[in-house]
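From just these sequences and the hints, can you work out the full model?
Listed here are the chains, written in short residue letters.
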Amino acid sequence: MRYSDGALVTSKLDFERVFQEHYTPLLRYLQRLTGDPDVSDDVAQETFVRLLRHAGIPEGEVRPWLYTVATNLVRDAGRKTARRKRLLSGSPQPRSVPALAEETMERREEIAAVQAALALIPLRDRQILLMREEGFRYDEIGQATGVAASSVGTLIARALKRFAEAYGSQQSEGGTPR
Amino acid sequence: MMHLTEGVLQAYLDDELAGAERVEVEAHVAACSACSVELAELERASSVLAAALGSLPEPGVVLLETRAGVARRSREAVARPAAGFGWALGRAALLVLGLAAAASAAIPGSPVRRWIVEFFEAPPTLPPAVEPVVVEPPAAEPPPPPAPRVAAEVSVAPAEGEVRVVLGELSRESHVRLRLTDEERASVLAYGAAGAARFTTGPGRIDVRGPVAADGELLVLLPRGAARAALVVNGRTYLEKVDEAVRLLVPATGSIESELLFRVDF
Numbered sequence: 001m002r003y004s005d006g007a008l009v010t011s012k013l014d015f016e017r018v019f020q021e022h023y024t025p026l027l028r029y030l031q032r033l034t035g036d037p038d039v040s041d042d043v044a045q046e047t048f049v050r051l052l053r054h055a056g057i058p059e060g061e062v063r064p065w066l067y068t069v070a071t072n073l074v075r076d077a078g079r080k081t082a083r084r085k086r087l088l089s090g091s092p093q094p095r096s097v098p099a100l101a102e103e104t105m106e107r108r109e110e111i112a113a114v115q116a117a118l119a120l121i122p123l124r125d126r127q128i129l130l131m132r133e134e135g136f137r138y139d140e141i142g143q144a145t146g147v148a149a150s151s152v153g154t155l156i157a158r159a160l161k162r163f164a165e166a167y168g169s170q171q172s173e174g175g176t177p178r
Numbered sequence: 001m002m003h004l005t006e007g008v009l010q011a012y013l014d015d016e017l018a019g020a021e022r023v024e025v026e027a028h029v030a031a032c033s034a035c036s037v038e039l040a041e042l043e044r045a046s047s048v049l050a051a052a053l054g055s056l057p058e059p060g061v062v063l064l065e066t067r068a069g070v071a072r073r074s075r076e077a078v079a080r081p082a083a084g085f086g087w088a089l090g091r092a093a094l095l096v097l098g099l100a101a102a103a104s105a106a107i108p109g110s111p112v113r114r115w116i117v118e119f120f121e122a123p124p125t126l127p128p129a130v131e132p133v134v135v136e137p138p139a140a141e142p143p144p145p146p147a148p149r150v151a152a153e154v155s156v157a158p159a160e161g162e163v164r165v166v167l168g169e170l171s172r173e174s175h176v177r178l179r180l181t182d183e184e185r186a187s188v189l190a191y192g193a194a195g196a197a198r199f200t201t202g203p204g205r206i207d208v209r210g211p212v213a214a215d216g217e218l219l220v221l222l223p224r225g226a227a228r229a230a231l232v233v234n235g236r237t238y239l240e241k242v243d244e245a246v247r248l249l250v251p252a253t254g255s256i257e258s259e260l261l262f263r264v265d266f
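For the protein sequence lines, the chains are B and V, in the order given. The first sequence begins at 1 in this note's numbering and counts up by one. The second sequence begins at 1 in this note's numbering and counts up by one.
Treat the hints as calculated values from the structure; they're not laboratory data. By construction, the Cβ of each residue, glycine as well, lies at the ideal position given by its N, Cα and C atoms. Be aware that a few hints might be false.
[Claimed, not checked] Beta-carbon label-pair distances, calculated as ranges:
#1 B/Asp14 x V/Cys32: 45 to 55 Å
#2 B/Ser151 x V/Val37: 16 to 26 Å
#3 B/Gln20 x V/Arg209: 52 to 62 Å
#4 B/Pro25 x V/Ala51: 29 to 39 Å
#5 B/Asp76 x V/Arg172: 47 to 57 Å
#6 B/Gly168 x V/Glu183: 25 to 35 Å
#7 B/Gln20 x V/Ala245: 38 to 48 Å
#8 B/Asp139 x V/Thr5: 15 to 25 Å
#9 V/Glu169 x B/Arg50: 41 to 51 Å
#10 V/Glu153 x B/Gly168: 26 to 36 Å
Spelled out as structure tokens, the structure:
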């Protein structure tokens with residue numbers, strides 16, 4: 001896909017601007033996608049390092065490129081590194097929960113419920129829902145997931161229902177989000 | 001009357017339809033109660049997702065927590081530039097940038113901004129004069145945890161599309177992790193004290209009997225492709241999957257990536 005501006009990320013100033021514009025949203029996407037701040041940190045950093053090595057990408061294509069690369073890294077490398085280390089290190093709690101020590105128990109339970117519901121649906125469902133939340137259009141989501149743009153609406157609708165069901169099952173226990 | 005597909009309705013909600021098609025959808029929905037209900041359901045599901053995601057913490061909170069890690073990464077990256085790990089400095093420095101992006105925008109002469117310039121002009125070769133951008137003095141790092149060891153592992157294929165994992169006699173405070181997997185077989189992996197449990201298998205079924213002490217951990221992998229799947233812990237059904245529907249009957253205490261964490265509490 002080509003974008004109208006056709007500008008290339010060829011200068012240091014371009015890269016800096018791309019970094020400042022996209023790093024935090026990408027990190028938010030990754031944290032929602034993985035539920036794991038450590039994995040998200042690793043993947044976001046590595047994604048931007050890879051961007052440095054692909055400096056000829058038209059600026060209009062940078063955003064979907066970043067999210068596609070980051071999602072692939074989550075699928076491949078992220079699973080084998082930080083998560084596995086902590087998973088089996090004897091630490092019983094994911095970092096995301098104790099990191100919110102200042103939050104109320106109720107809020108921590110709510111966060112855990114959302115993370116659990118996201119974890120219950122397939123990675124591709126999470127990817128398309130979260131890319132949509134970040135404002136991607138259907139053609140960009142289709143490009144990132146390898147499906148036709150005309151099928152994205154159906155995929156989103158089904159993923160939304162799966163998420164709502166998974167989240168509802170969390171809420172049904174005790175009547176409050178957990 | 002032909003009904004609209006959920007994909008078309010979703011595209012309508014997401015403002016992905018061209019003008020003429022949008023008008024057609026609006027006219028159809030106004031006249032078709034079934035499609036109107038479906039549209040409302042999709043709208044509700046979108047609201048549920050947006051509200052749920054809105055409750056999650058924003059990345060800024062996490063970035064601030066990584067200051068100690070930044071110092072460590074910077075030091076390690078500079079110490080190992082020739083070890084075939086050339087991008088490590090870039091990763092460390094990018095994390096610094098994440099912490100200092102706003103500052104660098106406000107302070108044109110900041111070291112972070114200069115680093116961006118130097119690194120970008122000569123990637124991926126490491127600039128020889130780069131100093132580690134240490135936010136705060138590095139704290140002494142604890143030794144890494146011992147390498148994890150799988151003490152026991154069993155797996156079975158679904159029988160007639162159904163698979164059931166039954167864990168029993170688990171101590172309070174022991175841990176169960178659950179992941180839906182694209183593999184065809186269901187598996188249970190035991191770590192630490194959980195290796196002392198007794199494993200038995202039958203057609204489409206894995207039984208694990210304790211003792212599993214409080215520091216033990218079991219990882220359960222259930223195949224997404226199974227028509228029916230269930231996880232039962234100490235007689236209580238934690239998760240039930242029937243076709244595409246997955247019901248979590250016991251709230252998870254947390255999640256890591258695609259895995260749910262349960263702490264056995266009874």
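### Task
List in ascending order the numbers of the hints, as given earlier, that are violated by the structure.
4 and 5
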